[in-house]
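Enquirer: Just so you know, the protein sequences line up as chains A, B and C, in that order. Here our numbering is used: the first residue of the first sequence is 167, the next is one more, and so on. Here our numbering is used: the first residue of the second sequence is 15, the next is one more, and so on. Here our numbering is used: the first residue of the third sequence is 2, the next is one more, and so on.
No wet-lab data here; the hints were simulated from the structure. Given the structure is predicted, the values throughout are model-derived calculations rather than measurements. Beta carbons are placed, not taken as given, at the ideal position from N, Cα and C, and that holds for glycine. Accuracy of the hints is not assured; some may be wrong.
Pairs of lysine-lysine residues, derived as DSS-like cross-links and limited to a Cα-Cα distance of at most 27 Å, are as follows [what the hints assert, rightly or not]:
1. Lys586(B) to Lys542(B)
2. Lys542(B) to Lys31(B)
3. Lys10(C) to Lys586(B)
4. Lys10(C) to Lys467(B)
5. Lys542(B) to Lys467(B)
Here are the in silico distance ranges between beta carbons for each label pair [to be verified]:
6. Ala160(B) to Ala340(A): 32 to 38 Å
7. Gly544(B) to Ala344(A): 48 to 54 Å
8. Ala35(C) to Ile80(B): 36 to 42 Å
9. Thr500(B) to Ala178(C): 39 to 45 Å
10. Val67(C) to Thr500(B): 30 to 36 Å
11. Ala340(A) to Val111(C): 54 to 60 Å
12. Val83(B) to Thr161(C): 32 to 38 Å
13. Val67(C) to Val54(B): 33 to 39 Å
14. Gly567(B) to Lys289(A): 47 to 53 Å
15. Leu226(A) to Phe338(B): 16 to 22 Å
16. Ala164(C) to Leu360(B): 41 to 47 Å
17. Lys467(B) to Val111(C): 40 to 46 Å
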Amino acid sequence: MPTITEDATTIRVPEPVQPLDGFGPPPRTPDEDGGGEDPRPGWRPAFPVSRGRLVLWLVLTVVVMLFAGFSSAYIILRGAPAWQNVALPASLWANTFVLLASSVTMEWTRRRTVEGDTASAKKWMAATGALGAAFLGGQILAWSELAGAGVYLASTLHSSFLYILTGMHGLHLAGGIAALAYVAAGLFRNRYSAAGHEPVTLCATYWHFMDGLWVYLFLLLTLA
Amino acid sequence: MTTHDEHAHPELGFWRKYIFSTDHKIIGIQYIITAMAMAVVGGVLSMLMRLQLGWPGTLWPRLEEIFPVGFAGGAMAPEFYLSLVTMHGTIMVFFLFTAVLTGGFGNYLIPLQIGARDMAFPLLNALSYWTFLLSCITILGALFAAGGAPLGGWTAYAPLSALPEMGPGQGDGMTLWILAIALFTASGLMGGLNYVTTLLTMRTKGMSMMRLPLTQWALFITAILGTLAFPVLLAAGILLTFDRIGGTSFFVPAGLFTAAGAAVEHSGGHPLLWQHLFWFFGHPEVYIVLLPAMGIASDILSTFARKPIFSYKMMVYSMSAIAFLSFIVWGHHMFLSGMNPFLGSLFTLTTLLIAIPSAVKTFNWLGTILGARIQFTVPMLFALGFVSTFISGGLSGIFLGTSASDIAMHDTYFVVGHFHLVMAVAPLFAAFAGVYFWFPKMFGRMMNMTAGKVHFWISFVGVNCVFFSMHAAGVIGHLRRIYDPTQYAFLEPVYGMNQFISISAFVLGAAQILFLVNFFASIWLGPKAGVNPWNATTLEWTVPSPPGHGNFGPELPVVERWAFDYSMPGAKEDFVMQTEAPTRVESS
Amino acid sequence: MASGSGIGKVTIPGAVLGVLLFVFVLVSIWLSVADRFWFPDLASEHGGSVDTVYVVVLIVTGIAFVATQLLLAYIVTRYGARNGEKAAYWHENARAEAILIGGTAVTLTVLVFLGQYVWYQIYFTDPPEGGMVVEATGQQFQWVFRYPGDDGVFGDLDPTLVAGTNYIGLDRNGAGADDILVVGQMHAVADQPVRVVLRSTDVIHNFHLPHMRVKQDTVPGMSIEVWFTPTETGTYEVACAELCGLGHFRMSGMLIVDATQAEFDQWLEDQLVFQ
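Required output: the full structure, derived from the provided sequences and hints.
Expert: Here it is as structure tokens:
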């Protein structure tokens, strides 16, 4: 009877092979498990992160690279002789405070949901939405403040970046508000509980990320 | 979703099944056919370019009837020639290679080869295709814009691209170009998110990462590259758009004026910023095209060598190394751009570093077929053609990656010959290999293999005639992107060579018609294909051709081994399917 | 199935592909070394070292090219399928791989150092004393050359002054009074270093002297310096090597290398009437 020669690929297969109708979860080795669905009951996917969380982090990677592109342009042109700083509108400070506050309320929303206290989660969720909208309104106010001072998109390199970076961040935050509205709809229909609440946590991650991104952009525009 | 009953799905109508489908197989085929249509356009444009380069100044009254503006008076207009250059490059890089290799083969093969029923997000997948189709229509629209298509090349260097007054086609044509690229980027990102998620979370039982076919590894790394590189292009495109319509000055410095003496109302920007941002995306883009080609060629080489792939692990590591290094070599496109020459030295170093994993891959392909029993099927011939052209094109890159010799070679036909061999012909051959190989799975019928062989032999001889001659023309000094080389006396030796290249290109182009006819005729007329016509080992060859909705039967397959057990001693056949358990092989 | 070892069958497609690859290698060697496919005649001092780097890279990559393509030709010829026979079953050889990777790395390192030595000679070395300076401005679609005149200093530029033959907006007050502007023609003296200051007034161009092995982008908003020493007298072409618009192909000029300083001075004086 022919036998299998020993080689890297065949010896990695655990012997004996688990019968398909075996009882209980089969032993897991990093090599053996795939990531997806499995015909056998009790088998868990090897990839440790849920599909939703994975795709969220991929989206955030895209956002990071987009703003990395803008930032590197900013840093390169910052050294140009023609660079002229413009005075940042004071309302940006207030807006920053509003956005930071919304991150706090978002976090409370998440914690209350995780604890199963959906009644108070709803309140904090509403507060988050209101603060987010207030931030966007405040950003538009800051633009009109700028325009009022005679600083337009094409005035200087700094003002071009000021408008474009706030605008791009605003667009992404508007996307966050849309996601928030979607999650809020689920929350108000009592779809989430202490056991199942992933959309809320994903939304919170995105929200905190947008908050952090704004702080970064604000520092870039102020300091650099 | 642990059990999945095919029969639970009601039969869908024609439109839902073949047009507005969310099935990854249909979307993959849609990508392939759309990309083929774009390739026809891009190919015709290149034939027109060769007509002008081979016989500059000749009058073509017949062509004037077709292109009343481009051939006004019978001779090709210089701006028309440059718009051909731009559109040929753009269409081929994005709308053929990126689309067919990642969009086409990626969508079709990922779920089938990893043992999943569909992509992680089927609807997003469909949206990605329709966005891609919209971007195709937009880029074709640029050909018909007032002033014609943009003339600044696919690299769209600023300030030529930022200032509409700097040439015909830089107005509406350029705007449509940017829009098309932005849409393409969005489509590519949607695809990329889907691929990574699917490959990480939906592999079937037993399909560990180190058991993936190399095509899957290549697509995985490519998707990550795209996720990191495309947003930077998008950022650059947004800034460029503001320069064009918002009056900002990111890429336009102060003090410029047009040929008519009119001052340009911009100040403060830097033209090199565009090049840095563009090539930070642009060089990974080369590998977004090349890596899937490498993966497909590796799997096909092993299949028809009837021998395991040589050094699977090094194949994976070298692809990862190429992907990482591709982000730190962009400056080798800019040695003579006015960039700090010290950076030129650094980029020479990183560029020659990336040659090492590329060399590893070449050794491994040769190691795979050494000691093999090669079956010279059409896919195998194209895969071997891939290896040969990758070697030629890869080695000629060393002249360009060394900053000192790049002084002589930069912006000549040497560059054109190099990148065509390495990122056009090689991926094209891999794509052909892939189409001939997976066509039976896609349509349930075989392509005509005699026509396929004729297609290969003409193509292989043709590409070497065209692109190796271009290297030689480049050494003589033939500048790229010039409408009429007879303007320069020092280019006198290339006039005759240009005619040789053009005639070879026409023959090469004609051979592709054979492929198109073969492809479409075989969908209906080809001989029926079995489940596994090539005796290959991967999961897609365990299901009917074409596979039904949901790909696999009620139970998903369980993977027991890697994809390369060809000619395994002790096994009954010279291939062992990935689903075959070791115990069953042993007792056979 | 029979277990395969040793060489396989010589098949027709395998042999044809092998012969094609062999012919292709021969043609490639001819294309690489034949005189008619060589660079334009060399006429500058540093150009020789650029050519040397090219030749060294050609030898190294040429060996790799011939070796790998011929190995491919050999394999496809000798390892065809034979009915009912398996291929060899091996897929690792760490030692062979390490040797090949090491060899590649060492070869490439040598190439990097050689190439960078020449690169530094060209870009990090100041021109020798006593040469001349000329400014070359690229604009759609011509080269405008400017000599600083007797004071040796270029005058100021102002885009609002662009009119008529004042293509670059030269301010004729102050240092610019004696500047000499010439369109499409540049003169130099044999064996005298020339510093060229490169500018552009609209888009990116590339100042290319094929016979001098000079090629450098001219970037609007930047002023970039290159230098070279012509060694042969004669008339040479100046080209634009970076796509700059519809007239890119005809954006050429002339470089005339005079034998003596006196000839050069005479030419410069003749230009005064056009200023």
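Enquirer: Decide if the proposed pair is consistent with the structure: Lys542(B) and Lys31(B), CA atoms, cutoff 27 Å inclusive.
Expert: holds (22 Å)
Enquirer: State, for the Cβ atoms of Thr500(B) and Ala178(C), whether the hinted interval 39 to 45 Å holds or is violated.
Expert: holds (41 Å)
Enquirer: Hint says 33 to 39 Å; check whether the CB-CB distance for Val67(C) and Val54(B) agrees.
Expert: 37 Å Cβ-Cβ, so the 33 to 39 Å window holds.
Enquirer: A range of 30 to 36 Å was offered for this pair. Does it hold for the Cβ distance of Val67(C) and Thr500(B)?
Expert: holds (35 Å)
Enquirer: Holds or violated: Lys586(B) and Lys542(B), Cα atoms, limit 27 Å.
Expert: Holds: Lys586(B) and Lys542(B) sit about 26 Å apart, inside 27 Å.
Enquirer: Is 40 to 46 Å right for how far apart the beta carbons of Lys467(B) and Val111(C) are?
Expert: holds (42 Å)
Enquirer: If you check the beta carbons of Gly544(B) and Ala344(A), does the distance land in 48 to 54 Å?
Expert: holds (49 Å)
Enquirer: Confirm or reject the claim that Ala35(C) and Ile80(B) have a C-beta distance inside 36 to 42 Å.
Expert: Holds, since Ala35(C) and Ile80(B) (Cβ atoms, about 39 Å apart) stay within the stated range.
Enquirer: Holds or violated: 16 to 22 Å for the Cβ distance of Leu226(A) and Phe338(B)?
Expert: holds (20 Å)
Enquirer: Keeping to a limit of 27 Å between CA atoms, is the pair of Lys10(C) and Lys467(B) held or broken?
Expert: holds (20 Å)
Enquirer: In this structure, is the beta-carbon distance linking Ala164(C) and Leu360(B) contained in 41 to 47 Å?
Expert: Roughly 44 Å apart at Cβ, these two residues keep to the hinted range, so it holds.
Enquirer: Does the beta carbon distance between Ala340(A) and Val111(C) stay inside 54 to 60 Å, or does it fall outside?
Expert: Check passed, 56 Å falls within 54 to 60 Å.
In terms of the numbered hints stated before, the structure departs from none.
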